[in-house]
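What follows is the residue order along each chain.
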Amino acid sequence: MSGEAAGPPPATGARPAPGPVRPYQFPRFERRTLVNGMRLLLAPMHALPVVTVHVLLDAGATRDPAGREGVALLAAELLAEGTRRLDGAALVDRFEQLGTALATGADWDSAWCESTVLGPRLDALLTLLADVVRAPAFAPREVDRLAAQRQAELLEQRAEPRSLADDMFARFAYAPRARFAVPAGGSEASVRSIGRDDIVAFHARHVAPASTTVVIAGDVTSDEAERLVTARFGGWSPAGSMGVAPGPGTPAPDAEAPGGRAVHVVAKPDAPQSEVRVGHVAIPRAHPDWLRVHVMNAILGGLFSSRINLNLRERHAYTYGAFSTVDARRNAGTFDVSTAVERAVTAPAVGEILQELSRMQEAPVRADELSLATDYLEGVFPIRFETTEAVAGALANLAIFGLADDYYDGYRARVRALSIDEVWQAARTHLRPAAAQVVVVGDAAAIRAPLESLGLGPVHVWDATGEPAG
Amino acid sequence: MRIPIDTHLLDNGLRVTLSEDHRAPIVAVNLWYHVGSANERTGRTGFAHLFEHMLFQGSEHVGANEHFELVQRAGGMLNGSTWLDRTNYFETLPSHHLELALWLEAERMGRLLPAMTQEKLDTQRGVVMNERRWSVDNQPYGTWWERLPALAFPPEHPFHHSLIGSFADLEAASLDDISEFFRTYYTPDNAVLTIAGDFDPAQALALVRRHFGPIPRGRGTPPLPDMSLPPRLGGWLRSTVEDEVMVPRVYLAFRVPVFGSAASYVAGICGAILGMRRGSLMHRALVREGQVASAVGASTWDLAKGADLLVLDATARPGVDAGRLEQAMVTAVERLRQDGVPDAEVARAVALIETDFVTTMQSASDRADKLSLFATYLGDPHRLNEEVERYRAVTAAGVAAFAREQMGEDNRATLTFVPRAAAAEAA
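Which chain is which? The protein sequence lines are A and B, in order. Per my numbering, the very first residue in the first sequence carries number 1; after that it's consecutive. Per my numbering, the very first residue in the second sequence carries number 1; after that it's consecutive.
Source of the hints: derived by calculation from the structure; they are not laboratory data. All C-beta atoms in this analysis are idealised placements derived from N, C-alpha and C, irrespective of residue type, glycine included. Warning: the hint list may mix true and false statements.
[Claimed, not checked] Derived list of chain B stretches under chain A, where covered just means 3 residues or more per stretch with a C-beta under 8 Å from a C-beta of chain A:
1) 67-75
2) 81-90
3) 158-164
4) 362-372
[Stated by the list, open to error] Beyond 12 Å from chain B on every Cβ pair, some chain A residues (computed):
5) Pro65
6) Trp290
7) Glu378
8) Thr387
9) Ser453
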C-alpha cells in the first residue's frame, strides 16, 4: 500500500462503521471413553505448537467429610508433591525439565491437574500425569508441610482485607453448618484435624477412572491424543466408590443463613479503606435462569460500564472499582457486590449498592443497557478462547456442570435472544436486597455508627478471627 | 515459531508495527507512549498515572466514559497501564471493529484537551486516591513497589520516586498540568502503535494513515536527566518497615544491566534459577527443605534506561523471623555465586521461559503489547522473534560469572517488612 490515505480524516465525531462480521466457531472437540470408563474431551488446535492437558477429577471440596473441611484441596495439592516412584523434588524437576509446571488444585465441584507443554513433549507429560493421579505418595512429611502452609495462609489472611472479606461474606451468607460457610480450603480447626489417613481415604474414594475426565486442547490430533492417553491411563482399573451422602442432620452445602438482612463489620483498626461485600445465596449453575441472571448481573455490576461501577466510581469517586458476580457452582453459589471504598464514605456506598439492587427490580432496564451487555458478551466470546488453556477450561466446565455439547456453539444466539422482560424477571426473582448480608472489613470505630444509622438491620462487629468483638 | 512483523513510519513520526494472524477473528490495537513516572516534575509524583485515567474521560467527539462503552459494545476488552518509563493503552476487539479502536486512539491522541474539565479531573483524582488505598496503603506489603525503587535508586534519579504518587502531589495536579503534559508527551512521534491479529495489512495501514496521519508531530520531549548509574549499588542498602502484616517478608534486590542488553538475559535466567516455580533453588531450600518460607519469587522490572532491578522475594512461615528468612535467601544466592549451577538448572529455566513465551504468544493482546515494548524500548519490534534464542544462549558459566559480579555484598538492597507488634516487642 503506497497511498497516503484511504480518505480524509473524519471531520466530525462520526463513529466508524464496523466492517463485515467475520465468522467464528468455538473449536471443534470430540468425546471418547476408554474401556476403564475414563472420559476424554479432545480439541485439536494447531495454530501454535502447544498443548494443554487438564485432568479433571470429581473430587471437589463439597466431597469433604464433615469436620474435615479442606481435605479435597490438600489432597489435590499433594498430587504435585510426589508419587510412589518420584519424591516431591524429583517430580517437580521432571515437569520443569519439560518446560512446564504442574498446577493442581480443587474448588467446590472438582479437583484438577493441569499442565501446558510444547507439542512434542505431550507423551512425556502424560506419563508423568498418569503417575501423579494413579500413584500419589502422600508422604507424611509433605502432608504436614502443606497443612502447615494452609494454616500460614489463614494466619496471613487476617491482615489481607480482600480475602478476609470474601471468607467472612460466605460465612454469613450461608447457614452456620453449611459446607459453603467454611472456606473450600478449610478452617484452622478443620485443617488441624486432618491426618494423612483422611487424605489417603479421600483419594481412594473419589479418584478413579470413572470419575476422571482428561481434557486435551492443542496441537495434537484426536486419534493421537487418545492413543497416548490410553497408553498411560488404560491400565488404570476401576475402583473407588463414587458419591458421598451428607450425614444425617447436615444442612445442604448451600443452605442459606436464617435471620434476614444484617450488617457484619470485621474490625481492621485504622484501615484507610473498607472492603465491602453485599449479597446473598444465588442459584446453581444448571438453573434454567442462569443466563438471564448472568446478563442481568452484567448490567448491574458485571461490566466496567455497569450501573454500580458508574455510580460508585465515576459519579461518586468512592472507589477504584465496584463489581458484582454470580458464582458458578453445582449447588447455589453467591451473588455479591464487591468494592473497596474510602473509610469516610463506607455507609453511603453501602446505601448506593442496595439502592442499585432495588432499582434493578423496580423498573426494566433500558434497551441500550441490555444491548450493551449482550453486544459485549456476544462480541467478546472469541476473545475468551484464544489459548489452549482457556479452551481446556471451557471444556472442563461442560463436564463439571453437565452442559450440552453444543453449549458454546449456541451461546451467542441465546444471549442475543434475551429480552428486557426476561432480564427484569431475573432481577425480580433472583435479587433479594431485603435478605442481603452486608460484610465490611474496616475501621469499626469509624464506620459502625454510620452503618447503624442506615437502618439495614442488626450491626455485628467481629475480629479478624471471626470472634464477636463488641 | 515466528511472529510475522511488518513496520512502517508515518510522516508525523508515529511508528507502526503490524502482525497479521488470521487464526481467530480478533484484533488487538496497542499504543505505547514513551512517558512514565520518570518524566514527572518535582511536586507532581503520580501525575503520569493520573493522566492515564484522564485519557478514558473522553475527547472532542467522545463523551465521558464513552470510550469504555463503545469498545465494550463492540465486544472488546480494553485498559491502560502506567510504568516508570512508558504508558500503554490497548483494546482487543472482534476484527471487524478495527477502525473503531484506531479512531478512538487517534481521537484522544489528537483531540483530548477540549474534553478536559475540572470536574473530571477531581473525580479521577478521587478514583486514583482510592486506587492507592486499595493497591498500596490497605494491602499487606503494598508499599513495597514504591519503597524498593526509593531504596535502590538515588534520590535525584527519575526512577526513585513513587509511581502512584503522594496524596499531596495528586491534590496539586491542575488542568494546566494536564494540558502541558498532553502537548509534550502525547504526540505521534513519542508513540508506537501495534496492530496484531486478523486484518488486511494494506487496509489497516490505510486506516492508520487516515486517522493518525493528520495529527501533527510534537515539539520534542524535554531530555530526561542523566539516568546512567554505576553497574553496582556500591554497598548493601537496607530498609525495614513495620506494617500491618502477620508474617515478615523480605525483598532482596540487585542492580542489573538494562532491559534488552545481553546481560539482562543472564539476569533473567539467574532470577528463574533462584525463584521461578517450585523447582527453583529458593523454593527447594526455603519452602520445601528448610520450611522457613511459604512462598518465594523472582522478577525483573524491565527498565531500559540506567539500570534494571532483579528482585527476589520470600514470605516467612509463621514463627520465622526476618533475619533468618533473609539469611536463607542470601545463602541460596551465595551458593549460586560460589558453586555455580549445573547445566540442567539453566536448561530448566530456559525450558520454562520458552513454554511461557509460546503460550503467551497465543493471545493477540500479548503479542501486540510485546511488539510495542520492543519497538518502544529498543526501537526494533523484530527483537521479539529473537527472545527465545537469546535465553538459549545463556550458559551455566555465564550464570556463575554474572552471579559473582552482580549479586555480591556490594550490590544488594534488602527491603524487609515485619509485623508491627513484633517490631514493638523487639524494640
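How the hints compare with the structure:
Look at the region 67-75 of chain B against chain A: 7 of its residues bring a Cβ nearer than 8 Å to a Cβ of that chain, three or more, so the hint holds. Check on the region 81-90 of chain B: 0 of its residues sit with their Cβ under 8 Å from a Cβ of chain A, so the three-residue criterion for coverage is violated. For the region 158-164 of chain B, the stated coverage by chain A is not satisfied: 0 residues place a CB nearer than 8 Å to a CB of that chain, which falls below the threshold of 3. Given a C-beta distance limit of less than 8 Å, the hint that chain A covers the region 362-372 of chain B holds, as 3 residues qualify and 3 suffice.
At roughly 26 Å from the closest C-beta of chain B, the C-beta of Pro65 (chain A) stays outside 12 Å, upholding its exclusion from the interface. Listed as a non-interface residue, Trp290 (chain A) keeps its Cβ farther than 12 Å from every Cβ of chain B; the least gap is roughly 21 Å. Listed as a non-interface residue, Glu378 (chain A) fails to keep its Cβ farther than 12 Å from every Cβ of chain B; the least gap is roughly 6 Å. A cut-off of 12 Å between C-beta atoms contradicts the statement that Thr387 (chain A) is not in contact with chain B; the least separation is 4 Å.
Distance check on Ser453 (chain A): its Cβ is at least 23 Å (rounded) from any Cβ of chain B, clearing the 12 Å threshold; non-interface status holds.
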